[in-house]
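Asks: Sequence:
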Amino acid sequence: VRIRKLTLGQDDPKVADSLVELGIVLLSLKEYAESLDVFMEALDMREGEAEDIVLPEQIKESNLKIAKVLNNIGCVNFESSKFNSALEAFQDAISMQKKALGDASPFSFNNPATKPGFLTMASTMCNKGYIDLEQENYKAAVNTFSESLKIQKLLLGADNKLVLSTLDNLGFAQTMNGSSEKALTTYQELLSNQEKSYGESQSDCARTMRSIIYLQLLHKDYESALKTLCSLEDIQIETAGDKDTKEIEITRRLMGQVNYEVLKYPTTGCGVFGCSLGDEDEIDLEIWKAKKPNNGSKMSGHRVTCA
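For the sequence shown, my numbering begins at 96 and goes up steadily by one.
Rather than coming from a laboratory, the hints here were simulated on the basis of the structure. Any given hint could turn out to be false.
What follows is a list of derived Cβ distance ranges for each label pair [stated by the list, open to error]:
#1 I332 with I382: 17 to 25 Å
#2 I343 with S190: 44 to 52 Å
#3 T280 with D112: 20 to 28 Å
#4 L380 with I148: 53 to 61 Å
#5 N179 with K359: 30 to 38 Å
#6 K248 with K386: 22 to 30 Å
#7 D198 with I382: 28 to 36 Å
#8 Q297 with E276: 22 to 30 Å
#9 A335 with L380: 40 to 48 Å
#10 T340 with E276: 29 to 37 Å
#11 N354 with K125: 46 to 54 Å
#12 A335 with P211: 54 to 62 Å
#13 K194 with I382: 39 to 47 Å
#14 Q297 with K194: 55 to 63 Å
Simulated pairs of lysine-lysine, DSS-like, Cα-Cα distance not exceeding 30 Å [as the list claims (entries may be wrong)]:
#15 K277 with K291
#16 K194 with K234
#17 K359 with K341
#18 K322 with K387
#19 K387 with K341
#20 K256 with K277
#21 K109 with K193
#22 K210 with K315
#23 K194 with K245
#24 K291 with K359
#25 K291 with K248
#26 K387 with K359
No residue lacks a Cβ here, since even glycine has one placed at the ideal position from N, Cα and C.
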């Protein structure tokens, strides 16, 4: 940064580029105060550059650059648990991104910057969604992740890490928001994609299966729950090797309870709402309830995605 300021001048756009890079490095080192100062300086420069731009395409490009810095400011505030400030920064970034992209399509081949612009906006939306989850604003989280997922599905493969992560977060938000049927559909889509992805571990599939089992039991769909439990047991046995783990024990106990319900209502099966367990062997659904995902990032090792 110092060299570029000396050789190119204080206000050269490349100085702002270097400031952004420095801010990301400081963020990865958890130097939050210093990182925020650097990003604020970069934001001032980006906004100063925008004042002298008149051509529409240059204005769009400038707005996208400003949005990236705002996103990174949100990242710093997120990491330092300043969630309200982070939310404001992410919202400002998304607003500027939408303004810049306007009515453009992610497949606007006449503008090579359009696809990366949409993907960056999708990532920023996920960052806002993480804040919504932290603040337990599950309805907002559902809307945010849904909007981001629509863009991702247009531009990325079903087994892309960002798509898988967004489905996971969306399923959790839907579960916590009381939209259990939609959550079940989301988790089933996630599991299908995970099983096709070479990069996904069996532990990831197992965690998704647990969320599916919880929702199937919530709907009293015991036959489906039993099938999912069998698949979960297979994974647990394979990963445990010769050792019987506590997780396998818990899974097998639930299999017995669910199998009892299947035999108890042989004609209705398990798609019937209203089937109930006996008081003596009540299923503890809480231990199977979906857990909030650990939101990993694609850059700098942060839970949120830095641009």
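Asks: For each hint, tell me whether it holds in the structure or not.
Replies: Verification of the supplied hints:
1. I332 with I382: 17 to 25 Å: 20 Å, holds
2. I343 with S190: 44 to 52 Å: Given range 44 to 52 Å: holds, Cβ gap about 49 Å.
3. T280 with D112: 20 to 28 Å: 43 Å, violated
4. L380 with I148: 53 to 61 Å: 56 Å, holds
5. N179 with K359: 30 to 38 Å: 50 Å, violated
6. K248 with K386: 22 to 30 Å: Check passed, 25 Å falls within 22 to 30 Å.
7. D198 with I382: 28 to 36 Å: 48 Å, violated
8. Q297 with E276: 22 to 30 Å: 27 Å, holds
9. A335 with L380: 40 to 48 Å: 24 Å, violated
10. T340 with E276: 29 to 37 Å: Because 32 Å falls inside the window, the suggested range holds.
11. N354 with K125: 46 to 54 Å: With a Cβ separation near 49 Å, N354 and K125 satisfy 46 to 54 Å, so the hint holds.
12. A335 with P211: 54 to 62 Å: 43 Å, violated
13. K194 with I382: 39 to 47 Å: About 46 Å separates the Cβ atoms of K194 and I382, which means 39 to 47 Å holds.
14. Q297 with K194: 55 to 63 Å: 43 Å, violated
15. K277 with K291: With a Cα-Cα distance of about 22 Å, the restraint between K277 and K291 holds, given a limit of 30 Å.
16. K194 with K234: Between K194 and K234 the Cα gap is close to 24 Å, so the pair holds against 30 Å.
17. K359 with K341: With a Cα-Cα distance of about 27 Å, the restraint between K359 and K341 holds, given a limit of 30 Å.
18. K322 with K387: 24 Å, holds
19. K387 with K341: Holds, at roughly 22 Å.
20. K256 with K277: It holds: about 21 Å lies between the C-alpha atoms, which stays within 30 Å.
21. K109 with K193: Distance ~25 Å between K109 and K193 Cα, so the pair holds.
22. K210 with K315: 43 Å, violated
23. K194 with K245: 18 Å, holds
24. K291 with K359: Cα-Cα ~36 Å, so violated.
25. K291 with K248: At roughly 16 Å apart (the allowed maximum being 30 Å), K248 and K291 satisfy the hint.
26. K387 with K359: 34 Å, violated
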